[in-house]
Amino acid sequence: MATLQKCGSLDRLCYDVGGRMIGTSVLHQPYILSPPEGQPQTTELNLSLKLKEQECLLLLRRCKNMEELKQAHAQVLKWGFHQSPYCASNLLTVCALSNWGSMDYARNIFRQIYEPGTYEFNTMFRGYVRDFKMESALFLYCEMSERGIEPNKFTYPVLLKACARLSALEEGMQLHAHGIKLGFEDDLFVQNSLINMYGKCGKIEASSAVFEHMDQRDIASWSGITAAHNSLGMWRECLNLYMDMASEGLCRAEESTFVTALSACSHLGALDYGRIVHGSLLRNISELNVIVQTSLIDMYIKCDCIDKGICLFERMVEKNQLSYGVMISGLAMHGRNREALRVFSELLEEGLEVDDVIYVGVLSACSHAGLVDEGHHYFSRMKFEHGIEPTIQHYGCMVDLMGRAGRLTEALDLIRSMPIEPNDVIWRTLVSACKVHQNLEIGEIAAKSLKQLNSDNPSDYVILSNMYAEAGKWENVARIRTEWHYKTSTQTPGFSLVEVKRKVYKFVSQDMSHANFQDIYEMIHQMEWQLKFEGYSPDTSQVLVNVDEEEKKQILKAHSQKLAIAFALIKTSQGAPIRISRNLRMCNDCHTYTKFISVIYQREITVRERNLFHHFKDGACSCRDYW
DNA sequence: GGAACACTGT
Numbered sequence: 001m002a003t004l005q006k007c008g009s010l011d012r013l014c015y016d017v018g019g020r021m022i023g024t025s026v027l028h029q030p031y032i033l034s035p036p037e038g039q040p041q042t043t044e045l046n047l048s049l050k051l052k053e054q055e056c057l058l059l060l061r062r063c064k065n066m067e068e069l070k071q072a073h074a075q076v077l078k079w080g081f082h083q084s085p086y087c088a089s090n091l092l093t094v095c096a097l098s099n100w101g102s103m104d105y106a107r108n109i110f111r112q113i114y115e116p117g118t119y120e121f122n123t124m125f126r127g128y129v130r131d132f133k134m135e136s137a138l139f140l141y142c143e144m145s146e147r148g149i150e151p152n153k154f155t156y157p158v159l160l161k162a163c164a165r166l167s168a169l170e171e172g173m174q175l176h177a178h179g180i181k182l183g184f185e186d187d188l189f190v191q192n193s194l195i196n197m198y199g200k201c202g203k204i205e206a207s208s209a210v211f212e213h214m215d216q217r218d219i220a221s222w223s224g225i226t227a228a229h230n231s232l233g234m235w236r237e238c239l240n241l242y243m244d245m246a247s248e249g250l251c252r253a254e255e256s257t258f259v260t261a262l263s264a265c266s267h268l269g270a271l272d273y274g275r276i277v278h279g280s281l282l283r284n285i286s287e288l289n290v291i292v293q294t295s296l297i298d299m300y301i302k303c304d305c306i307d308k309g310i311c312l313f314e315r316m317v318e319k320n321q322l323s324y325g326v327m328i329s330g331l332a333m334h335g336r337n338r339e340a341l342r343v344f345s346e347l348l349e350e351g352l353e354v355d356d357v358i359y360v361g362v363l364s365a366c367s368h369a370g371l372v373d374e375g376h377h378y379f380s381r382m383k384f385e386h387g388i389e390p391t392i393q394h395y396g397c398m399v400d401l402m403g404r405a406g407r408l409t410e411a412l413d414l415i416r417s418m419p420i421e422p423n424d425v426i427w428r429t430l431v432s433a434c435k436v437h438q439n440l441e442i443g444e445i446a447a448k449s450l451k452q453l454n455s456d457n458p459s460d461y462v463i464l465s466n467m468y469a470e471a472g473k474w475e476n477v478a479r480i481r482t483e484w485h486y487k488t489s490t491q492t493p494g495f496s497l498v499e500v501k502r503k504v505y506k507f508v509s510q511d512m513s514h515a516n517f518q519d520i521y522e523m524i525h526q527m528e529w530q531l532k533f534e535g536y537s538p539d540t541s542q543v544l545v546n547v548d549e550e551e552k553k554q555i556l557k558a559h560s561q562k563l564a565i566a567f568a569l570i571k572t573s574q575g576a577p578i579r580i581s582r583n584l585r586m587c588n589d590c591h592t593y594t595k596f597i598s599v600i601y602q603r604e605i606t607v608r609e610r611n612l613f614h615h616f617k618d619g620a621c622s623c624r625d626y627w
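Read the first sequence against UniProt numbering and you will find it ends at 627, with the numbers running on by one and no gaps.
Please note that a few of the clues may not be correct.
Stated by the list, open to error - Below, simulated DSS-like cross-link-like pairs (lysine-lysine); rule was C-alpha separation at most 27 Å, straight line:
hint, residue 1, residue 2
1, 532, 552
2, 70, 133
3, 571, 308
4, 617, 571
5, 557, 503
6, 571, 501
7, 52, 70
8, 617, 553
9, 503, 617
10, 451, 473
11, 503, 595
12, 557, 506
13, 617, 506
14, 501, 595
15, 203, 181
16, 473, 553
17, 506, 203
18, 552, 506
19, 557, 571
20, 595, 506
21, 64, 78
To be clear, the hints were calculated from the coordinates, so they are not data collected in a lab.
As the structure is a prediction and not an experimental result, all values here were calculated from the model.
Hey, can you work out the whole structure from these sequences and the hints?
Okay, here's the thing in structure tokens:
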């Protein structure tokens, strides 16, 4: 049998006309096949060896599963070609990258390769990343550096992807530096990967810097930069980027870019934009895939077009778990809880997998609808029938479910028996329920636990102080107010978004930053008269500033939601619906105010509050004042 | 041989 030898000298190769060189490009080292001992190196022998090697390659490439591969591997070993760089590399690629391959097997082969080069390392990186073994990939890169093997331009994208998935900023930055040193910073794929890596690590400035410095951008560059903004909650920026891309006309958008843009529309409640994206989707993509369709449904639902969402959902030929998930939580958001549960049973009938997210939707539908027994039923079914361990979110839903129904002791027992540490959301849910049901005893327990978590949420103090006020415990109210004052600086700024003529405007409380803020305040002033005439009186109980009553009223008047409504009234035609989206729960006064506006100006006003829609029409709200 | 996408409780 022939053996493989490393051939150090090119001279020898030149002399050895019949002997052949294998894989110089791969290993940067020439190799020859030597004849069995005592036999001369003849052209015939080399030809037959070459043919044999080809046979090995074919054998490896034909494999369709691990069993076949193992057999082929055994044959290659028998023929003595396992050291041939071609054969070894092919074997490695098949193991690491085929759908049925095994990375463990690949690792063994890799270890047996005489001198693995950049190509073999890259193959291993790709295999590891594909198998979500990011640490292993980065670890192997260290070995590569120690061995002094030069990475090439294919090395960086895959490793940057590993960093992106791990949110490993430090490693990512190191790779960036190495890439620059080796002169790969101008490679399009490296740049795209950098955009993505920095985005996933939350370093949007770094991500944008790479994007800005690119000479040419392709669709992936745009895709990456929009996704980076989207995942960090910078939805307006994301949409602006999408529009830039569309208007530049240099790239034809692909499905992924549409999906990102639609996600931004969902979060912003930007229906007009959503429609534009839908339009270009129909123009550019002939057949919409499941992901795009699901995103469209999600967008319509979150932009208050629930019926359009349902219509698209029903027309879908192929639905997956996520499509159902979007529909279930969407229906729950709009208070159509029975329908949500019906869709859930359809999902089960379809025989699709159920996951924890779907159950969050199901349980929240039960809690909104006050279906206590059903909620308990689904909760235990989730654990015992589907083997899903409840997460903090499921417990949150259960606490909400029992809390709304006034079963406060049960809710507290559940929190105490939870195998997970309760978070601030859980306690806050219970505090709110205690306030509604005026249970001071449990309320105090919950409030104490909430305070221990130091979550700096100003609304906690409002609920607490209101709870004490209703019970007439004024010393406690005073104490809470002082404590609150101390925390003022750390509160999250609330904002309202409103879409007017395809542009999304953001308002914060007391906002003076808009170009036409004077018109807006003038409008607020006019509205005040109308409101007074209709019998509205401001409710300052939730104004969280320690000032006198008159000043409180002034502050109340310029809450972000009111500014957004005033702006929309000025800028839209009579009777047009107004859609507002906010990051925080609205205060009682804004709720009452909006009800009055809906009747005075004859407008339908929808306010989206995180995951709940308030639909104001003719002076009433769809939540029936309980939210 | 390389990059990118959707759903989560107050």
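**Message:** Tell me the hint numbers this structure goes against, listed in increasing order.
**Reply:** Checked against the structure, no hint fails, so every one of them is satisfied.
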